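Just so you know, the sequences run in chain order A and B.
Residue numbering for the first sequence follows the numbering used here, starting at 1 and increasing by one per position.
Residue numbering for the second sequence follows the numbering used here, starting at 1001 and increasing by one per position.
Derived by calculation from the structure, the hints in this document are not laboratory data.
Just so we're clear, the structure is a prediction, and the values are computed from it rather than from any experiment.
Hints are supplied without guarantee of correctness; some may be wrong.
What the hints assert, rightly or not - Cut-off 20 Å, straight-line C-alpha distance, at most; resulting in silico cross-link-like pairs (PhoX-like, lysine-lysine):
| id | chain 1 | residue 1 | chain 2 | residue 2 |
| --- | --- | --- | --- | --- |
| 1 | A | K244 | B | K1151 |
| 2 | B | K1282 | B | K1133 |
| 3 | B | K1297 | A | K225 |
| 4 | A | K208 | B | K1151 |
| 5 | A | K222 | B | K1140 |
| 6 | A | K208 | B | K1133 |
| 7 | B | K1297 | A | K222 |
| 8 | B | K1313 | A | K225 |
| 9 | A | K105 | A | K16 |
| 10 | B | K1140 | A | K16 |
| 11 | B | K1282 | A | K222 |
| 12 | B | K1151 | B | K1133 |
| 13 | A | K53 | A | K229 |
| 14 | B | K1016 | B | K1193 |
| 15 | A | K51 | A | K74 |
| 16 | B | K1320 | A | K229 |
| 17 | B | K1059 | B | K1013 |
| 18 | A | K208 | B | K1016 |
| 19 | B | K1067 | B | K1013 |
Claimed, not checked - Sample of chain B residues lacking proximity to chain A, with all beta carbon distances greater than 10 Å (derived):
| id | residue |
| --- | --- |
| 20 | G1042 |
| 21 | R1106 |
| 22 | F1125 |
| 23 | R1165 |
| 24 | S1169 |
| 25 | T1174 |
| 26 | T1180 |
Glycine included, every Cβ here is placed at the ideal spot set by N, Cα and C.
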Amino acid sequence: MKILVPIAKVPDTTSKIGFTDGNTKFSTDGVTFIMNPTDEWYALVRACELKEKQGGEVVVIHVGGADAEQIIRKALAIGADRAVRVDADPTDAYFVAAQIAEHAKSENYDLIITGKETIDYNSFQVGGMVAELLDLPCVALVQKLEIENGVATMKREIEGGTETVEVKLPLVVCAQKELAEARIPNMKGIMGARSKPLAVVAANGAEKLTAVSTYSLPEKAKEVKLIDKDNVAELIRLLHEEAKVI
Amino acid sequence: MAVLSFVEVSEGKIKKASVEAAYYGSKTAEALGTDSVAVVLGEANAEELATLGQVGVKKVLHAADAKLNHFDSRAYTKAVAAAADAAGADVVVLSFNNNGKLLAPRLSVKLKAGYVPGAVELPQFNGGSASVKKNVFSGKASATFTVATGKKVISVNPNSLSPVRGGGSATVETFNAALTDADFNVVVKGVDKVVGEIPLTEAELVVSGGRGLKGPENWHLVTDLAKELGAATACSRAVADVDWRPHHEHVGQTGLTVRPNLYIAVGISGAIQHLAGVNGSKVIVVVNTDPEAPFFKAADYGIVGDAFEVMPKVLEEYRKFKAAH
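Build the full structure now, drawing on both the sequences and the hints.
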């Protein structure tokens, strides 16, 4: 089975968020970048588990600059066999999806599996766009994925529960929590990752459909109103009269 | 020209998130001086669909094909694109809910339309381009996206706006999405819904507990109040990880994102990963013994105190309030 895992690079959760150039650019000052958690912990690890059980190959693809090498090597250390980096600035989801779809067209993947939304733009776009560009079925928010005889059985989240579905491969999956257990790369993996192939390719000329015009930070930190623990009635009054939520 | 909203029906009722999407669609149509049209896929009661008129929808295109009763992203994309075509829609609005999160980006590709996911405000139009604000960095900042493509797709963050209902009634028209068997890929084998509980992501009120409650046997402190309020229950990651509570209640960066009107956090310190899942809540109440708990910085109201002492009082005072109102 041949599996493609698109991975994104995002600021670490604990990063301080700031903007420059009149609030039009994200400030990378002092920011540590990591692999998007749902791409790494769930999509990549599940892909590696399936390959280890059933044989095949796991390829990771990243759209971004050379500074993503550390993240790509980590993916190889976790268990991917080779990597492709499309050398371009990933500013628009459609542009990114078009790069991934073009690569996927050149190789016959049985499964494309990526994480749910990235933790920077929280947009949840790339998986669905890749599926549509390739005219493939896609299932999102997948918590469980088993593959047998070319059919994927999945459990996906719906409002208030889960739904179990079957879809024939090839297929695109957007992974979320519970799909796999995060892996910490071991020494053998880290050493091996250094010699695994990483191909750098130029971007195709896909257009960009959206752009960010401005960013803004919340106007001011919230000022918490403390209520005495012996005066709980005051909380109920404030929730009703001031906040108007009950 | 028209604005088309995608509306989902679950167990005979229009989903709350879809009412918000339809309302957003109607407001957008109003700003553009055009009509608000909705599309519904799968079997549904026409009387229920007509109530979309209350949030400004003029016409509902209803593809009552039983094959569309279950969500299949590829087939749904074709059907909604066909509806957009039939309605002459330039803007398609969906909810940024479980199905919308997948359907919207597919539609964006299908219609070659710029897409803004998770809008928190109505769009601003300037000539042919639209500016739409959304939350980014897990609610730590906002970004305004500009979409200049002729067609546009917008998904709306649940609980971002409160639909105002009027007295209208929408006309319901049968719509043929012209799908063939080859358009369907997904076979549904089973649905496992937690019965009798309010779905967390649809809830307007949420009561959530953390490690401060010391053990699953103390969860009545959360559930009793939730029941009285008609709220959903949630928990922190630490609590789900030790199986005090089911995983589907875990709210945070790697769990669910909720945006209720009221989020009451009991015995949760408020690590940044947890806050990422609740930042969008309208009002946050924190009960914690530790006055230095980071959650207080993100809260609107706080009580420094022991949950075992405070929560029974909250329940009692709320019961009194309910009796008086």
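Hints and how they fare:
1. With a CA separation close to 38 Å, the supplied pair A:K244 and B:K1151 exceeds the 20 Å bound.
2. Proximity of B:K1282 to B:K1133 is assessed by CA-CA distance (about 17 Å); at most 20 Å being required, the pair is judged to hold.
3. Using a Cα cut-off of 20 Å, the hinted pair B:K1297 and A:K225 holds, with the two alpha carbons roughly 10 Å apart.
4. For the hint pairing A:K208 with B:K1151, the CA-to-CA distance comes to about 14 Å; that is within 20 Å, so the pair holds.
5. A threshold of 20 Å between alpha carbons decides the hint, and for A:K222 with B:K1140 the separation of about 12 Å falls inside it, so the pair holds.
6. This hinted pair checks out: A:K208 and B:K1133 have alpha carbons roughly 18 Å apart, not beyond 20 Å.
7. Only pairs whose Cα atoms come within 20 Å are accepted, and B:K1297 paired with A:K222 is accepted, the gap being roughly 7 Å.
8. Simply put, B:K1313 and A:K225 have alpha-carbon atoms about 18 Å apart, close enough for the 20 Å limit, and the pair holds.
9. Taking the CA atoms of A:K105 and A:K16, the gap is near 39 Å; set against the 20 Å cutoff, the hint is violated.
10. A C-alpha spacing of about 9 Å is found between B:K1140 and A:K16, which places the hinted pair at or below 20 Å, so the restraint holds.
11. With a CA separation close to 12 Å, the supplied pair B:K1282 and A:K222 stays within the 20 Å bound.
12. With a C-alpha separation of about 18 Å, the suggested pairing of B:K1151 with B:K1133 holds against the 20 Å cut-off.
13. A distance of roughly 56 Å separates the Cα atoms of A:K53 and A:K229; the hinted pair therefore is violated under the 20 Å criterion.
14. With a C-alpha separation of about 17 Å, the suggested pair B:K1016 and B:K1193 falls inside the 20 Å cut-off, and the hint holds.
15. Among the hinted pairs, A:K51 with A:K74 is consistent with the structure: their alpha-carbon atoms are about 18 Å apart, no more than 20 Å.
16. For the given pair, B:K1320 sits about 17 Å from A:K229 by alpha-carbon distance, which is consistent with the 20 Å threshold.
17. Between the alpha carbons of B:K1059 and B:K1013 the distance comes to roughly 18 Å, so the proposed pair stays at or under 20 Å and holds.
18. With a CA separation close to 33 Å, the supplied pair A:K208 and B:K1016 exceeds the 20 Å bound.
19. Between the alpha carbons of B:K1067 and B:K1013 the distance comes to roughly 19 Å, so the proposed pair stays at or under 20 Å and holds.
20. Every C-beta of chain A lies more than 10 Å from that of B:G1042, the closest at about 14 Å, which supports listing it as non-interface.
21. For B:R1106, the condition that its CB be more than 10 Å from all CB atoms of chain A is violated, with the nearest at approximately 4 Å.
22. With a least CB separation of 14 Å from chain A, B:F1125 remains clear of the 10 Å interface cut-off, as annotated.
23. Annotated as non-interface, B:R1165 keeps its C-beta farther than 10 Å from every C-beta of chain A; the closest such distance is 17 Å.
24. No Cβ of chain A comes within 10 Å of the Cβ of B:S1169; the nearest lies about 26 Å off, and the non-interface call holds.
25. With a least beta-carbon separation of about 27 Å from chain A, B:T1174 lies farther than 10 Å from that chain, consistent with its non-interface assignment.
26. Interface exclusion of B:T1180 from chain A stands, the closest Cβ pair being 14 Å apart, more than 10 Å.
In this structure, the hints that do not hold are numbers 1, 9, 13, 18 and 21, in rising order.
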